[in-house]
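Asker: Next come the chains, spelled out residue by residue.
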Amino acid sequence: MFSKEILDKANEMKKVWEEEVKEVYEKKLKFGSPQYTSESGIPVKYVYTPEDLKDSEVEMPGAFPYTRGNRALGYQFMPWMIQILHGYGTGEETRERTKYLVKEGMKGYGDQSAVLFAVDTPTHCGFDPDNPNSRGMIGLGGVNISTMDDIDVLLKDYDLAKTRVADNIRFSCLPFLAMYIAYAEGRGYSPGGLNGQSQNGLGNRCITTNLPSPTPDAQYKLEIELIKYSCQNIKRWNHTNLCGYVLGEMNATPAQELGIVLSKAVDLVEGGIKAGLKPDEFVSRFSSQVHLGMDFFEEVAKLRAWRRMWAKIMKERFGCKDPKSLQYRIHVHTAGSSLTSQQPLNNIARATLQVLACVLGGVQSMHTNSYDEAIGLPSEEAVRTAIRINQIVLHETGIPHVTDPLGGSYYLESLTNEVEKEAEKVRSEIESKGGYFECIKNNWLRQMLEKQSIKWRQEVDSGDRTVVGLNKFEIDEEEEVPSFTIYQPEVEAEVIRRIEKWRANRNNAKVKDSLEKVKDAMAGYDTVEKAGILMPTLIEAARNKCTLGEMMEAIVEVSGGRIYST
Amino acid sequence: MSKDEKKEKMKALMARFSLDGHDRGLLSVMSSFKDAGIEVVYTYFSDPKELAKVAEEEDADIVGITSSMGQHFYLASTLVEAFDERRLDAPLIMGGVIPTRDIPQLMDMGIRRVFGPGSAPSEAIDFVLGTRPK
Chain A
65 MFSKEILDKA NEMKKVWEEE VKEVYEKKLK FGSPQYTSES GIPVKYVYTP
115 EDLKDSEVEM PGAFPYTRGN RALGYQFMPW MIQILHGYGT GEETRERTKY
165 LVKEGMKGYG DQSAVLFAVD TPTHCGFDPD NPNSRGMIGL GGVNISTMDD
215 IDVLLKDYDL AKTRVADNIR FSCLPFLAMY IAYAEGRGYS PGGLNGQSQN
265 GLGNRCITTN LPSPTPDAQY KLEIELIKYS CQNIKRWNHT NLCGYVLGEM
315 NATPAQELGI VLSKAVDLVE GGIKAGLKPD EFVSRFSSQV HLGMDFFEEV
365 AKLRAWRRMW AKIMKERFGC KDPKSLQYRI HVHTAGSSLT SQQPLNNIAR
415 ATLQVLACVL GGVQSMHTNS YDEAIGLPSE EAVRTAIRIN QIVLHETGIP
465 HVTDPLGGSY YLESLTNEVE KEAEKVRSEI ESKGGYFECI KNNWLRQMLE
515 KQSIKWRQEV DSGDRTVVGL NKFEIDEEEE VPSFTIYQPE VEAEVIRRIE
565 KWRANRNNAK VKDSLEKVKD AMAGYDTVEK AGILMPTLIE AARNKCTLGE
615 MMEAIVEVSG GRIYST
Chain B
339 MSKDEKKEKM KALMARFSLD GHDRGLLSVM SSFKDAGIEV VYTYFSDPKE
389 LAKVAEEEDA DIVGITSSMG QHFYLASTLV EAFDERRLDA PLIMGGVIPT
439 RDIPQLMDMG IRRVFGPGSA PSEAIDFVLG TRPK
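Residue numbers (my numbering), protein chains in the order written: chain A, 65 to 630; chain B, 339 to 472.
The following block holds chain A by itself, in its conformation from the complex:
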């Protein structure tokens, strides 16, 4: 990146600096020179110079490998999307919250609406509300969705052609997509006109939270099925969120998060090829929900390294030629695990730094946590403040006026290279062990994350890691922040009443027949090469008013699984 003259001059100046540190700080002032490391274990120096970038290439935004951004112009042309994941209680309550968020500034690109809703765990796992497994959990952590009526409650006010619909549904995301398509058809929209996102992240959820799920082999097949169906039928659908967030919440380091996600991407791209797709047909519709923690510069470096590594892998390994396949799109969710329930207003400062890191890292979209989320559901005031953080950075600071403003920083560029190296180590280790899905099956990834979680707690307990308000700068009397809760038994009773009514108003012979067809398709789907045979049966089942739980039950009855491991 630098000429020999500049490097020589910089090295001369660095020698003077080193001399001063040694003579004045270490000898005279007895400074102990602690060795700092980043979260990923990368040693951090006290100062960086051109020497650290002597092997680096000059890069530009909008040019391969897109380290500095996907497009020539960044936020000057298009600000990031302010998206807030939300959902609780009944569909009506969630819809009201959506309206409030939109009023305060939540939006998609251009004039698009964005509806990003969280569902409860019975919906994630595909248990209908009247299933005994759902007891006590309906409406918690998200809204319950089991029928097309439930979707209608959330979306009836929206023009679906102009609405980005993103749910965070995990294991049952195929039945949900089938229901959404059937619902949209009923309102006169064809699948090709829809736009949104599926999580399609069955594996991640099972390594991080051990919820009842299909077996890893079935997870892999279901993910490939959704990819094949959507890229052939719903061109604008983002079929897969390669989610790093849940890994970060288990204390994966930034480099581990990136390495694990890329190992999964490689497995899925290979699967898509086996299913008869060309990489350029489906690679551009991958994106990631990334975790953003407190190690400020390393997080910025991670976002830059993420784009660079993606572009290189997809170009060099999979031969992608379409620039869209190489330009990786990132949605960030600020780290829930960085929030403290102690002195909760401090969380606004944490979220602000995280939003800043995202903007300096050039992300496309962001969910910002509310300061009260370590206590309960966010209040309107707290979630409005989370939106305001984005608006302050966007409109008051001038930060978005320059693309990749830290580009060329000796430190950040060097750290970007180092994060890339560390992440590649993780990725290739997983590959050498048989790949991502194999490392789910043999529990290697789960064990790695469990170790990380326990390590974090030990560091907090020993004081090696400072968390302000938790193990340092505590106060005697915590201020009470009112937590916002719902009355769950009432929600549960209402949701069960609705599904009973739904079941009473349909042709149950048709339901039974379409579920048999789903089972037959799943039984015939023995290898990923046959991908494409399941989704049509699910869509037909959804048209015949099968519920989310019934469709998921049909899949799992054939695939096996549910409780994966202890």
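Treat the hints with caution; some may be incorrect.
Unchecked claim - Derived pair list, reagent style SDA-like, types lysine to any residue, alpha-carbon separation capped at 20 Å:
| no. | chain 1 | residue 1 | chain 2 | residue 2 |
| --- | --- | --- | --- | --- |
| 1 | B | Lys372 | A | Glu514 |
| 2 | A | Lys515 | B | Ser369 |
| 3 | B | Lys372 | A | Asp525 |
| 4 | B | Lys387 | A | Pro196 |
| 5 | B | Lys372 | A | Glu523 |
| 6 | A | Lys338 | A | Cys295 |
| 7 | A | Lys519 | B | Gly363 |
| 8 | B | Lys387 | A | Asp194 |
| 9 | B | Lys391 | A | Pro196 |
| 10 | A | Lys515 | B | Ala374 |
| 11 | A | Lys519 | B | Val378 |
| 12 | A | Lys515 | B | Ala458 |
| 13 | A | Lys519 | B | Ser370 |
| 14 | B | Lys347 | B | Tyr380 |
| 15 | B | Lys391 | A | Asn197 |
| 16 | A | Lys536 | B | Glu461 |
| 17 | B | Lys387 | A | Arg199 |
| 18 | B | Lys372 | A | Met512 |
| 19 | A | Lys519 | B | Ala374 |
| 20 | A | Lys515 | B | Thr381 |
| 21 | A | Lys519 | B | His360 |
| 22 | B | Lys391 | B | Met348 |
| 23 | A | Lys342 | A | Lys594 |
| 24 | A | Lys594 | A | Cys295 |
Claimed, not checked - Chain B stretches covered by chain A per the calculated footprint, using a threshold of three residues with CB under 8 Å from any CB of chain A:
| no. | segment |
| --- | --- |
| 25 | 365 to 373 |
| 26 | 403 to 413 |
| 27 | 431 to 440 |
| 28 | 447 to 457 |
Hints were generated in silico from the structure; no laboratory data involved. No residue lacks a Cβ here, since even glycine has one placed at the ideal position from N, Cα and C.
On the provided structure of chain A, position chain B as indicated by the hints.
Answerer: Then chain B, alone, in the frame of chain A:
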């Protein structure tokens, strides 16, 4: 093994409700329990009656439940009932994301101690060791 020998080590049954996947806190607590010489059995359950059965079979000295999605009242009421049915006297303790203002009601319902966000594992260890039969 005689009953006395068996009781040299406290045995904690630690449980997660199967539809609440948040087990990061529980993993740390279990690791600290083991370091403190407490025997740990980890399980999950979807029916509170199942957990009472496991607690009886394991002859657990204490039963720890994690709840981070707001189901703590549901769990408290159904678990206390299931444990009473089997006449189990192992104290039930709870941790996770539980609002401070809900703690008195949980204790009224029969939960012996609640460790909310920010509790140190040492607090739970002291409590568990303190329940050792004299």
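Asker: Please go over all the hints and tell whether each is borne out by the structure.
Answerer: Hints and how they fare:
1. Under the criterion of a C-alpha separation no larger than 20 Å, the hint pairing lysine 372 of chain B with glutamate 514 of chain A is consistent with the structure, at around 15 Å.
2. Distance check on the hinted pair: lysine 515 of chain A and serine 369 of chain B sit about 10 Å apart at the alpha-carbon level, within 20 Å; holds.
3. Distance check on the hinted pair: lysine 372 of chain B and aspartate 525 of chain A sit about 16 Å apart at the alpha-carbon level, within 20 Å; holds.
4. Restraint check for lysine 387 of chain B and proline 196 of chain A: the C-alpha separation of about 13 Å stays at or below 20 Å, so the hint holds.
5. Between lysine 372 of chain B and glutamate 523 of chain A, the direct Cα distance comes to roughly 17 Å. Compliance with the 20 Å bound is thereby established for this hinted pair.
6. Between lysine 338 of chain A and cysteine 295 of chain A the CA atoms are separated by roughly 15 Å; this keeps the pair inside 20 Å, and the hint holds.
7. Using a Cα cut-off of 20 Å, the hinted pair lysine 519 of chain A and glycine 363 of chain B holds, with the two alpha carbons roughly 12 Å apart.
8. Distance hint between lysine 387 of chain B and aspartate 194 of chain A is fulfilled; the C-alpha atoms sit about 18 Å from each other, no more than 20 Å.
9. Of the supplied pair hints, the one linking lysine 391 of chain B and proline 196 of chain A holds, its CA atoms being roughly 18 Å apart against a limit of 20 Å.
10. A threshold of 20 Å between alpha carbons decides the hint, and for lysine 515 of chain A with alanine 374 of chain B the separation of about 18 Å falls inside it, so the pair holds.
11. At most 20 Å may separate the alpha-carbon atoms for a hinted pair to count; lysine 519 of chain A and valine 378 of chain B meet this at roughly 19 Å.
12. Restraint check: the Cα-Cα separation between lysine 515 of chain A and alanine 458 of chain B comes to about 18 Å, which is no more than 20 Å; the hinted pair holds.
13. Restraint check for lysine 519 of chain A and serine 370 of chain B: satisfied, since their Cα atoms lie roughly 11 Å apart, inside the 20 Å limit.
14. Between lysine 347 of chain B and tyrosine 380 of chain B the alpha-carbon distance is near 16 Å, which keeps this suggested pair within the 20 Å criterion.
15. Between lysine 391 of chain B and asparagine 197 of chain A, the direct Cα distance comes to roughly 17 Å. Compliance with the 20 Å bound is thereby established for this hinted pair.
16. The straight-line distance between the Cα atoms of lysine 536 of chain A and glutamate 461 of chain B is roughly 17 Å, inside the 20 Å bound, and the hint therefore holds.
17. Our distance criterion of 20 Å between C-alpha atoms is met by lysine 387 of chain B and arginine 199 of chain A, whose separation comes to about 13 Å.
18. Distance check on the hinted pair: lysine 372 of chain B and methionine 512 of chain A sit about 19 Å apart at the alpha-carbon level, within 20 Å; holds.
19. Taking the CA atoms of lysine 519 of chain A and alanine 374 of chain B, the gap is near 16 Å; set against the 20 Å cutoff, the hint holds.
20. For the hint linking lysine 515 of chain A to threonine 381 of chain B, the alpha-carbon distance of about 19 Å falls within 20 Å, and the restraint holds.
21. For the proposed pair lysine 519 of chain A and histidine 360 of chain B, the alpha carbon gap of about 17 Å is at most 20 Å, so the pair holds.
22. Pair hint lysine 391 of chain B plus methionine 348 of chain B holds up; C-alpha atoms about 19 Å apart against a cutoff of 20 Å.
23. The hinted pair formed by lysine 342 of chain A and lysine 594 of chain A meets the criterion: a straight-line CA distance of about 15 Å does not exceed 20 Å.
24. Between lysine 594 of chain A and cysteine 295 of chain A the CA atoms are separated by roughly 15 Å; this keeps the pair inside 20 Å, and the hint holds.
25. A count of 4 residues in the segment 365 to 373 of chain B with a Cβ less than 8 Å from any Cβ of chain A is obtained; the coverage claim is therefore met, three being the minimum.
26. Coverage of the segment 403 to 413 of chain B by chain A holds in this model, with 6 residues showing a Cβ closer than 8 Å to a Cβ of that chain against a need of three.
27. Evaluation of the coverage hint for the segment 431 to 440 of chain B: fulfilled, as 4 residues show C-beta separations to chain A shorter than 8 Å, against a requirement of three.
28. Counting residues of the segment 447 to 457 of chain B whose C-beta sits closer than 8 Å to any C-beta of chain A gives 3, which meets the bar of three, so the coverage hint holds.
The structure agrees with every numbered hint stated previously.
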